[in-house]
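K.L.:
Protein chains in written order, with this note's numbering: chain A, 61 to 673; chain B, 522 to 862; chain C, 999 to 1158.
Since the hints were made in silico from the structure, they are not lab data. Fair warning: there could be bad hints in the mix.
As the list claims (entries may be wrong) - Computed far set for chain B versus chain A, every beta-carbon distance over 10 angstroms: (1) I524; (2) F530; (3) A608; (4) S652; (5) I663; (6) I670; (7) G677; (8) S691; (9) T763; (10) P769; (11) N817; (12) G854.
As the list claims (entries may be wrong) - Covered by chain A, per the in silico footprint, the following chain C stretches (three or more residues, Cβ under 8 angstroms): (13) 1000-1010; (14) 1048-1060; (15) 1072-1081.
Said to hold, decoys possible - Counterexamples of contact, computed for chain A against chain C with all Cβ distances above 12 angstroms: (16) F66; (17) D73; (18) L92; (19) H105; (20) R126; (21) A145; (22) P207; (23) E274; (24) T284; (25) T345; (26) R455; (27) E565; (28) A581.
Where a beta carbon is used, it is the ideal one built from N, C-alpha and C, also for glycine.
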Amino acid sequence: MSSVEFRKDLFADERDDNLKEIGKPTIRQDILGHVTGRTPFYDDHQFDGLLHMRAVRSPHHHAQIRGIDTSAAERMPGVRRVLTAKDVPNNLNTLLSLINFGRDDEPLCAHDKVRFMGETVAWVIADTERQARDAVAAVRVDYNVLPHVLDVEEALQPNAPVVNEVYPNNTFDYNGKYDHQKLRFGDVNKAFAEADHIVEAEYQMSPIEQAPIETCGAIAAPETNDRFVCYTNTQALFFSLGTTSKLLDIASSRLHFIGGTAGGGFGGKVDSIVEPTAVLGAMLTGRPVRFAWDREEEMQVGAPRGGERWRIKDGVMNDGRIIAREFTGFFDSGAYVRLSSYAIVKCTGHIPGPYTIPNVASNIYCVVTNRTPATAMRGFGITAADFAIECHMDRVAETVGMNPIELRILNAYRDGDMKAHRRPAKNTALIECCQVAAGKAAWPISADAAAQSSKVGGGVGERGVIPASVTDEDGKIGDRRAGRSEGTSPSRRGTGKVAAGTRVEAKTEAHMQDPDMALEADRIGHRMGSASTAPPAPAPAATPAPPAPAPVAATPSHPQPTAPVPPAPQVQPSAPVPTPPPAAPEPYQPEQPFQRGLNRPGTSRFTSGFRRR
Amino acid sequence: MTIHKGRGFACINYPIGMNLGGDPSQALVHSTPDGKFMVALSSIDLGQGMKSVTRQIASETLGVPVEDVYVDTADSDTGPHCMGSFASRGTHRVGNAVIRAAAEARKQMLDAAAEELEVNATDLETDGAGSIHVKGAPSRSITVADTAIAAQFKQGRTLSGRGIFLIPPSDVDGETGEMTPVTCFAHAALVVDLEVDDETGEVEVKEINSAYEVGRALNPKLVEQQLIGGAWMGVSHALYETTEPTYPERDHRPVDFNTYLMPGPAEVVPHNLAILERPAEDAPYGGKGPGEMCANPVLPAVANAVYNAVGVRCDRLPITPEKVLRGIRENGGARPQGTPS
Amino acid sequence: MAKTPVTFTLNDMETALFVDPGANLNDVLRRGAGDLTTKNGCGQGTCGACTVLIDGVPHLSCLTLAESTEGRRIDTTGGLAGGPELHPLQTAFMEGFAAQCGFCTAGMLMAAKALLDKTPNPTREDVVEAISGNLCRCTGYEPIIDAILTAAARMQGRAV
């Protein structure tokens, strides 16, 4: 039997616990529908004359399509229409084109070749699902099987088959320059030389299915006003609507998407494949069309959490301090990039985990292979890295002969510490979580570890500043395929240096559109910075800090120190909640040396991408 | 055959919301003629409780009873834009949008009440039970229902609000990885106790003790649902699940729940949770999204506990009996590491 | 295709339908009889979301030939509540936060009802056994087991 306790004693001075509805165990709004079976999921909408759509799928990992013969299928009982790639008006997309990230690399229906086992090559629409399945089996596809590659590191070899011609090096291109995303903070190689111990290991996350009990599906139907309605269980209604609009080249105003209730998702219902497919079916038949994955498709065609391979190398001192940490990571994106490229950027921001380590480097590769494309899943971009990091922490603890919880508390990040992505930590609570969990499990920790606090000791000296950082230009796009790249780990030979302290401004939320939208300062429920009049400037050290080893004065380096006093009641009706800047500042300063031509005015924020049309 | 006990630890943090921002969400709130409030969203409830938590946020912000608020999600004609339910962004982004929409509606509600009571709106407060009264003078009051009726039929005033929340998009530097990933992080630490059978290689998780820091438990039962269910999923990931058992090869792929394994009701692990609340400054009432991070610490904690039990490092997931047995054989037998301290 | 007539009693209602030969009961209930309270999670008989009671015994409707239900009694979650009054199982699931996405709930309730109808005072092990064919991806099962035990106790007039 499980138990739950609320540790209201911790951080009590930062909360107002006298709220009226927040914090109450109010029964779910949707629960009556759930227990009576009447919650309307997408498939619970009934249509007269509903047609059923099924996909014809590739049996090969990688093959050229020489021809598709649909004639036999078209003559099968109940078949209304057989569709192929030529029926898709704009048959190339990438999911994140909606936020202008990455290149269009994925057709809704394969036309020239298939790149993974299970890829769609045609669809059948029939009166019943059974008729559709029978007709799918009658579609004849003439394949010329090609060599395939399934291992991420084999895919990086110069002679590996090219999986997706949009990414001819089998890697996503980062910042228009590198075949991986870099993180460089301090100088790991120098620190490795100074460390008492080097701890290295490799970790492998396996692909995992989201496995919602309701599979992905959609029903689309013509509406009376020359629009199409689409009932869907997408996790992202406007993502799916926008993707459908683009692939089918139809004005988004002619699409009416209804959803909002999904039978589980866990990341598996973001990809927006069933929606454009069902709407295409409705457009071409003029009838309501249902397109849903069966369980086998959900498991093997629906995108999983991708496989990830990680190598971690730590430089550790005898007292347990980790002074350097280096990552080499490979995300197996499968045949199309979808969200993997973005997951890597997210993961780069997460590195080196919730620890303050003065020298950090990582290279992470988004590798294209002949596998079912990967996508989001609960813990997106983080779960596998955390598996590797936390297994590695135990290896480090064993190496130095230390209590593993004490090791974590010793290295834990605290308020004001500089993180490897060059923003100060705030609102941290790792140490307290470690202490409470240890206490609950009766796992003894030292009095010193038990006395530590996330609020104390952070940002002091080196902890609060950005060190001088060694950079390199290894792994330029195309070098690896040409045999000019050695290895995949962060470089052993730095070729550049970024001065200590260098960074640009942190982003906070957009300015409140209207002062009336601000919650009164005494009703926001917490007691941090709410009445502050200072703009949310990042930590003070805007000028380059002294060279790394020299301790700097203990400046209060987190932006909005905890205010132990409650905010003055009813400050101004217009006082915005967390004090936005007076006007949106220019986000970046391209003249900053380390920016190297990024963010040129008028260009994409992500220079590897381009805006569609 | 010997059963070896093992104990493992892991701790994590988790970024809340879409990395690098650029993921807006909107909300619209309006009153019915008699002072009930409808919240229109296009956000998705996939079980995490989006409808319920935004309803509570709207109720708190408006200052009206939760029974007088209903949330409608996801009709693209009526619900304003939302990026979607992923990246632990729902509570943070949508919650903030709802706060703004509800705050604007509240402002108009207080203005309408002030006109009826002939006082300044700034002198009014809500009791959260359906009435608005003059601060310090509870007898000078008007119900929310009468306020709405007056606004609608007498004053010609809407009680409605719009809200949007956006962390503007930002970039990542290609040379250093510099970025503003997100604005707040949730935290967790967790101890797994388990047993390993050195004859079969089977691992049985016996107990989990954990601490999760969630900013604020906006609804403690919804938080508990996420954390208990999420930790279950973590055990499942650690020991059972994969779509590619011979990764990177694609053989023996599961196609049903007979071959894709997950723990069932007989494998429920007692889980003792502590919930910590350190509110995040820009989060709605301080609440961070607990839904994604809850599984993450379980995977390494299980692996670390297996090592503690039999001395086998399982660095490739899932930790199947086969891998444990092969590890034990390679070591020439189980090597229990002793009680950790 | 020639259709076959089938009559059965669905939640106390006499129901007569023409079904395709080989049609499964899940499709017939949902698309034929319009009872959408029975879900389809896998169509393979491995998830339990489609569980219905046939003459009081839980069956996977996705694997049941509709024609085989001729003359029999079928109970679904749609008939669980006696009018406006919820069944104690439903109340216990609501109050016990025993559902998240809600997609497995109808099948769980049917499996639980079959148990309580036969075994009014189940042990925890009985409950686990009864729902062991029903998958839930959200809750980790514990709240569901607790809710079923709570409902059983309430139905027996025991304090919980």
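K.L.:
Any of the earlier hints contradicted here, and which numbers?
P.N.:
Of the numbered hints given earlier, those the structure breaks are 2, 3, 8, 9, 10, 11, 13, 14, 18, 19, 23, listed in rising order.
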